[in-house]
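Undergrad: All chains should be built: construct the whole structure from the sequences, respecting the hints.
Sequence lines, in order, name chains S, C and L. Okay, so the first sequence: first residue is 1 according to my numbering, each after it adds one. Okay, so the second sequence: first residue is 1 according to my numbering, each after it adds one. Okay, so the third sequence: first residue is 1 according to my numbering, each after it adds one.
In short, the hints are calculated from the structure, not lab data. Be aware that one or more of the hints could be misleading.
[Stated by the list, open to error] Straight-line Cα separation of at most 27 Å, BS3-like style, residue types lysine-lysine; simulated pairs:
(1) L:Lys161 - L:Lys145
(2) S:Lys103 - S:Lys214
(3) L:Lys14 - L:Lys169
(4) L:Lys145 - L:Lys115
(5) S:Lys286 - C:Lys67
(6) L:Lys198 - L:Lys161
(7) S:Lys212 - L:Lys262
(8) L:Lys262 - S:Lys103
(9) L:Lys115 - L:Lys169
(10) L:Lys198 - L:Lys115
(11) C:Lys185 - C:Lys269
(12) S:Lys286 - L:Lys262
(13) L:Lys2 - S:Lys103
(14) S:Lys5 - S:Lys214
(15) S:Lys172 - S:Lys103
[To be verified] Covered stretches of chain S, as calculated for chain C (at least 3 residues, CB under 8 Å):
(16) 126-140
(17) 233-240
(18) 283-295
(19) 318-327
Here the structure is a predicted model, which means the values were calculated and not measured. Glycine residues also receive a C-beta, built at the ideal position from the N, C-alpha and C atoms.
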Amino acid sequence: MIIRKERVNDFLNGLRAGYRLYAPVQTQAGPVFAPVNGATGWSWPAGNTLKSAKEVFLPQTETLFTYRTSLDGVQVEEARVEGRVVLLGVRPCDARSLTMLDKVFAGEGVRDPYYTARRENTVVLGLACNEPCGTCFCTSLGGSPFGTAGCDLLWVDLGDRYLVRVLTDRGKALVEGRPEFAPAGDADLAAARELEEGALGRMGTVPVQGVKEKLDRLFADPLWDRVYEKCLGCGTCTYLCPTCHCFDLTDEVIDGLGVRLRTWDACMYPLFTLHASGHNPRPTQKERFRQRIMHKFKYFVDNFRETACVGCGRCIRYCPVNIDIRAVLAEISAG
Amino acid sequence: MGTTEKIREIAAGLLRDGKVDVVIGYGPGTLPLRSTPLFARTVEEAERLIWDATCGNNLAVYLPGRKDRVGIVVKGCDSRAVVQLIHENQIAREQVFVIGVPCAGIIDRRQVEAAVEREIRAAREEGAELVVEGDGWSRRFNREEVLYGACRTCRHNNPVLYDALAGEPLPPRDGGPTLVEIWEKKPAGERRDFILSEMARCIRCYACRNACPMCYCTECFVDSSTPRWLGRATDAGENLFFQIGRVLHLAGRCVACGACSRACPMDIKLGLLLGKMNKDVLELFGHEAGLNPEEPPALNAFRPDDPETFLLGK
Amino acid sequence: MKNPYLPLPMRIEKITVETEDRSLRTFSLSFLNRADAEAFGFVPGQFAEVHVFGQGEAPFGIASSPLVRDRVEFTVNRIPGGVVTTALHNAREGDIVGLRGPLGNGYPVQEFEGKDVVIIGGGFAFTTLRSLTWYILANRERFGKLTVLYGAREPGLLLYKDELAAWQKRDDLELILTVDRGREGWQGKVGVVPAILKEAAPSAANAYAVVCGPPIMIRFTLPVLQELGFPPERVIMSLEMRMKCGLGMCGRCNIGHKYVCKDGPVFTLAELSELPAEY
Ligand SMILES: Cc1cc2nc3c(=O)[nH]c(=O)nc-3n(C[C@H](O)[C@H](O)[C@H](O)COP(=O)(O)OP(=O)(O)OC[C@H]3O[C@@H](n4cnc5c(N)ncnc54)[C@H](O)[C@@H]3O)c2cc1C
Ligand code: SF4
Ligand code: SF4
Ligand code: SF4
Ligand code: SF4
Ligand code: FES
Chain S
1 MIIRKERVND FLNGLRAGYR LYAPVQTQAG PVFAPVNGAT GWSWPAGNTL KSAKEVFLPQ
61 TETLFTYRTS LDGVQVEEAR VEGRVVLLGV RPCDARSLTM LDKVFAGEGV RDPYYTARRE
121 NTVVLGLACN EPCGTCFCTS LGGSPFGTAG CDLLWVDLGD RYLVRVLTDR GKALVEGRPE
181 FAPAGDADLA AARELEEGAL GRMGTVPVQG VKEKLDRLFA DPLWDRVYEK CLGCGTCTYL
241 CPTCHCFDLT DEVIDGLGVR LRTWDACMYP LFTLHASGHN PRPTQKERFR QRIMHKFKYF
301 VDNFRETACV GCGRCIRYCP VNIDIRAVLA EISAG
Chain C
1 MGTTEKIREI AAGLLRDGKV DVVIGYGPGT LPLRSTPLFA RTVEEAERLI WDATCGNNLA
61 VYLPGRKDRV GIVVKGCDSR AVVQLIHENQ IAREQVFVIG VPCAGIIDRR QVEAAVEREI
121 RAAREEGAEL VVEGDGWSRR FNREEVLYGA CRTCRHNNPV LYDALAGEPL PPRDGGPTLV
181 EIWEKKPAGE RRDFILSEMA RCIRCYACRN ACPMCYCTEC FVDSSTPRWL GRATDAGENL
241 FFQIGRVLHL AGRCVACGAC SRACPMDIKL GLLLGKMNKD VLELFGHEAG LNPEEPPALN
301 AFRPDDPETF LLGK
Chain L
1 MKNPYLPLPM RIEKITVETE DRSLRTFSLS FLNRADAEAF GFVPGQFAEV HVFGQGEAPF
61 GIASSPLVRD RVEFTVNRIP GGVVTTALHN AREGDIVGLR GPLGNGYPVQ EFEGKDVVII
121 GGGFAFTTLR SLTWYILANR ERFGKLTVLY GAREPGLLLY KDELAAWQKR DDLELILTVD
181 RGREGWQGKV GVVPAILKEA APSAANAYAV VCGPPIMIRF TLPVLQELGF PPERVIMSLE
241 MRMKCGLGMC GRCNIGHKYV CKDGPVFTLA ELSELPAEY
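TA: Laid out in C-alpha cells, this is it:
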C-alpha cells in the first residue's frame, strides 16, 4: 500500500482513538522512543535511535506489583499492562531484536506477563533504512535494512510517500479500510527495490561466520586478556543494546507501600554476580566482558539457535573507549 | 618530529629498556573523530600509538591499583589526575613513567556531528582546520571552534608532572569566561530546571563514574546494599541524588578533565556541576586538585582561616 | 497467564534455632490461602524465593519433605550484612512473608527409583538433602539401599539434630555422621567427609550419589566417588549462584549456556564437565 506523506498526520490522528502512540522523540543526546500525540513533536530518525525500542517493552524502571502488609496478611496489587500501543519508526534491527527478546520472555515455559502483555498490545511499525549508518552491520547477522522480522508493518520512505508492507494481521487491522492508503503500483515497488539494493550495497561486512564454533573453544583463550583491557565496565553497551535483557529485582517502601521494582542491570557490573558469601565467579572485567560476548554469540545460539546481536551498532557508537564489537569479532574469527 | 613520533620513540625506548611493562597511550579509533586507549607491551605495539585532537580519554583511569610499572601518555588535565592519584596512594610515583603531551584541545565530536547533521564517514586535521567528510560532501571547521568548551578555556594545557615531554610546552590560554561562569549567572530557577531536565535523561549506566580516574572506590555509595543510599529506580530525583553524591565526593579532587561528560551516552552536562564545585573549592579554599603533589586535597586539610559560612551562617 | 513474580502469602509458624552458634534457623511457613497450599507441589532439590516485605527476596533450597503439604521449610544461614537473611533472622513466629516458587529442576528422583542412593552432605548445605531423605523414606520400597553421610565442623553445627537421632534408630537407612572435631559424648565419626566416604565405601554398582556441601568438600569428595566407581552421569550436585528472577530471564546465574535457576540448580557431574569451570 501507499500513503502520501501529507496524509500521515490524518492516519495517526485516526489511530489516537484506539492506541497510544510511541515514536522517536529528539533529545539533546539523540532520539529515544517516547509517547507522542499524532504527528507532531517527533520525526522519523535519520539513523537509529539512541536507546533501542526494547525500553517500550522492558522499561528501565518498572513496578511489578505493590503490597501493603497488615497483621493478618498482605494485600498484593499486581501492576497491569493496559492499552494498545502503536510504536512508530522502529528500525528493522530493533524490530528483529524483539523476536529474540520473545524467546527469553515469551517463549516456551514460563512467560513474563508484563513483557508478553506489552508485546501483544503493541503494533510495531517498522521503518526501512534507506541509508544505513557506517556502524550498521545487520546484514552480517542475518538481518537487513529492509528486514521485516518483528514488524507488523514496514514503511519504506519513497520521498513524497511511504510504501507500506503489511506483514501481520495486527498490521493489517491498522491500515485496512483507512482512506489515507492507496494500493501500491509497480513504480512504487520498483522504487523501493532500488532503495533496498542501494542500502544493501552500502552495508559493510563483519566476519561472524564461524564465530560460534570458535567461541566453543575460546573460553580460556588469552584473547580475552587483550580485548577487555580498556573496558571501563560502564555498561553503556548493554543498556543501549536492543537484545540485552538482564534485570534486577528490588524492593522499595514508599509511604508504607511496598513496591517490587524491576530495573535494568548488566553483566558488565561486578555486583551482578557477587555472591552473598563474598565470592564472585566473575571477579574481574575480563570475565564480565567475556560473558557479554559469549552470551550474544555462543550461549544464546546454544539455547535458541540464534545470535543475540542484530548489528545495530549502538555499542560501537557509544562505548566511551571505542571498544568496537566488530573488531572483537574479527579477533575471535582470527583466533 | 611530530608528537605522535615522539610518543612512539619514548614508548619504544621504555619498553626496549625494560623500564616499564606497559605503555598506556592512544591508538587509532575505529570511527571518525575517535581514538581508543592502547596498551602497548612490545616495541611493535608502541608503533601504533598516536596523538591527535581526538585523544580525549583520561588514561589515568587505568592507574589505580596497578601492580606493574607503567608508562602513560597524559594531557595537562590527565597529568593532574596522575598527581592526585599519587597523592591518594592509588599508584606509586616510582611505578609510573609519565609521558606528557602539551594539549591544544580536544575536539567535541558531538558538536561537530550536530553541526553537519549527517553521518560523518571520515575526519582529519589539516593545520588549524578540521575536515570532515561524508557521502559526497565535506566540510571544514576552524578546529579551535569545535573544541570542548572546557578545553577552550583550559588553564592547565601543559602537563603539571612528566618524566618526558612529547612536544614543546604551549602558551597558557587566557581563557575568557568559563561555561560555569556564564551558567552560574543564570537565575536559580532556570538552573534548577536545566539540571533536572538533564537528570531526567540519565540512564544510570555509571559511565561517568567509571570513566573518572578519581572514582576508584571499591564500593561506590550507589552500590551499597546496607544501607541502601540510592534506589534503583531511574527518575530525575534519584539520578540527581547520585550526581550530587558523586560531585560532593569529588570536591577538591576533580581535576576537570571532562572524562565524565565525554563518556556519558546521554550527553549530560556534568561539567557544569563539577565545574561549579571546583570553582567553589578554589574560591573558598584556594585549592585546585592535582596541581601540587605536596599539597593535600582541600577537604583533607584544615586551616584555621578556612571559611565556615556553612557552620556559622555568617 | 500466571504471574511468576507474585509472592504467595505465608505465615512463619515456627522458628527453630538449629546450631549452637545461632547462625542457622529453620523457618516453617504455612500458607495463608488454602488454595495455594493445594496447588503447591515440589520435587526435593527445588528452591523458592522467600520475600521479606520491604527488604527483598532471596533464594533458599526447600528443606521440608514434599509429602508434607501444609508447611514449607527453609533453613537459613545469616550472612553478616545480608539484607534478607538478616531480616529473616530478626523475624518472629506469626510474621507474614512471601514465597515464590517452587523454582528450578530438583533431584531426578524418578531416575533414582530401583537404585541405591548415597546422600553426601556437608555443613548447612544439608537442607535439600533432608528433603530428599524424607522423600525416599516416605517411598521407601521404590528405592534400593539408602546411605546418608553428613558431616559438620563440630557436633553443635549439625542441622536437624532430633531428626538425625530418629534416623539413627531406623534400619531402612544407614546414617553416618561425622565431625571435623569431636567432643565428649560424640558417638559419630571424626574426620572430613571425603575420608569417611572412602572408609564407608558404598557400592557404586546400580547407585546414585547426591553431593551438597561447601566447595572444598565437593572438591575432595568427587575424586573419592570416581575411585569408588560412580560414573559422572550418576553423581548429582546442586549449585548456588547469585539469583534474582529464578526464571532464566534476569540473566545473572548462568554457567556457560545453562541458567542455574532454570536448568538447575541440580546437575550431574557429567553435565557440569561440559560447562566452563569458571563462569
Ligand atoms: C539455589 C539456591 C539455594 C540456596 N539455598 C540456601 C539455603 O537453603 N540456605 C541458605 O542459608 N542459603 C541458601 N542460599 C544462599 C542464599 O540465597 C544467600 O545467602 C542469600 O541470597 C543472601 O541474601 P541476603 O539478602 O541476606 O544477602 P545480600 O544482601 O544479597 O548480600 C549479602 C552480602 O553480599 C554482598 N553484597 C550483595 N549485594 C551487595 C551490594 N549491592 N553491595 C555490596 N555488597 C553486596 C555483601 O557482602 C553482603 O554482605 C541458596 C542460594 C541459591 C542460589
Ligand atoms: S543495523 Fe540495519 S536495520 Fe539497524 S539501523 Fe542499521 S541498517 Fe537499519
Ligand atoms: S560501553 Fe565500552 S567501556 Fe563500557 S562496559 Fe561496554 S565495552 Fe566496556
Ligand atoms: S554517564 Fe550519563 S547516563 Fe550514565 S550514569 Fe552518568 S550521567 Fe547518567
Ligand atoms: S569527575 Fe570528571 S572532570 Fe572530574 S576528575 Fe573525574 S572525569 Fe575528570
Ligand atoms: S536468577 Fe535470573 S536468570 Fe537465573
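Undergrad: Hint by hint, say whether it matches the structure.
TA: Taking the hints in turn, this is what the structure says about them:
With a C-alpha separation of about 22 Å, the suggested pairing of lysine 161 (chain L) with lysine 145 (chain L) holds against the 27 Å cut-off. Proposed proximity of lysine 103 (chain S) and lysine 214 (chain S) is supported: the alpha carbons are some 24 Å apart, at most 27 Å. Distance restraint check for lysine 14 (chain L) and lysine 169 (chain L): the Cα-Cα separation of roughly 26 Å lies within the 27 Å cut-off, and the hinted pair is therefore satisfied. With a C-alpha separation of about 7 Å, the suggested pairing of lysine 145 (chain L) with lysine 115 (chain L) holds against the 27 Å cut-off.
Between lysine 286 (chain S) and lysine 67 (chain C), the direct Cα distance comes to roughly 17 Å. Compliance with the 27 Å bound is thereby established for this hinted pair. Of the supplied pair hints, the one linking lysine 198 (chain L) and lysine 161 (chain L) holds, its CA atoms being roughly 24 Å apart against a limit of 27 Å. For the given pair, lysine 212 (chain S) sits about 23 Å from lysine 262 (chain L) by alpha-carbon distance, which is consistent with the 27 Å threshold. For the hint pairing lysine 262 (chain L) with lysine 103 (chain S), the CA-to-CA distance comes to about 14 Å; that is within 27 Å, so the pair holds.
Taking the CA atoms of lysine 115 (chain L) and lysine 169 (chain L), the gap is about 23 Å. The hint holds against a cut of 27 Å. Pair hint lysine 198 (chain L) plus lysine 115 (chain L) holds up; C-alpha atoms about 20 Å apart against a cutoff of 27 Å. Taken as a hint, the lysine 185 (chain C) and lysine 269 (chain C) pair is honoured in the structure, with Cα atoms around 17 Å apart against an allowance of 27 Å. Under the criterion of a C-alpha separation no larger than 27 Å, the hint pairing lysine 286 (chain S) with lysine 262 (chain L) is consistent with the structure, at around 26 Å.
Between lysine 2 (chain L) and lysine 103 (chain S) the alpha-carbon distance is near 18 Å, which keeps this suggested pair within the 27 Å criterion. For the hint linking lysine 5 (chain S) to lysine 214 (chain S), the alpha-carbon distance of about 48 Å lies beyond 27 Å, and the restraint is violated. Among the hinted pairs, lysine 172 (chain S) with lysine 103 (chain S) is consistent with the structure: their alpha-carbon atoms are about 24 Å apart, no more than 27 Å. Coverage of a stretch by a chain is defined here by at least three residues with a beta carbon nearer than 8 Å to that chain's beta carbons; for the segment 126-140 of chain S and chain C the count is 4, and the condition holds.
Given as covered by chain C, the segment 233-240 of chain S passes the check, having 6 residues with a CB less than 8 Å from a CB of that chain where 3 are the minimum. Coverage of the segment 283-295 of chain S by chain C is violated in this model, with 0 residues showing a Cβ closer than 8 Å to a Cβ of that chain against a need of three. Coverage of the segment 318-327 of chain S by chain C holds. Counting CB-CB distances below 8 Å, 8 residues qualify, and the rule asks for three or more.
In the structure shown, a violation is registered for the earlier hints numbered 14, 18, in ascending order.
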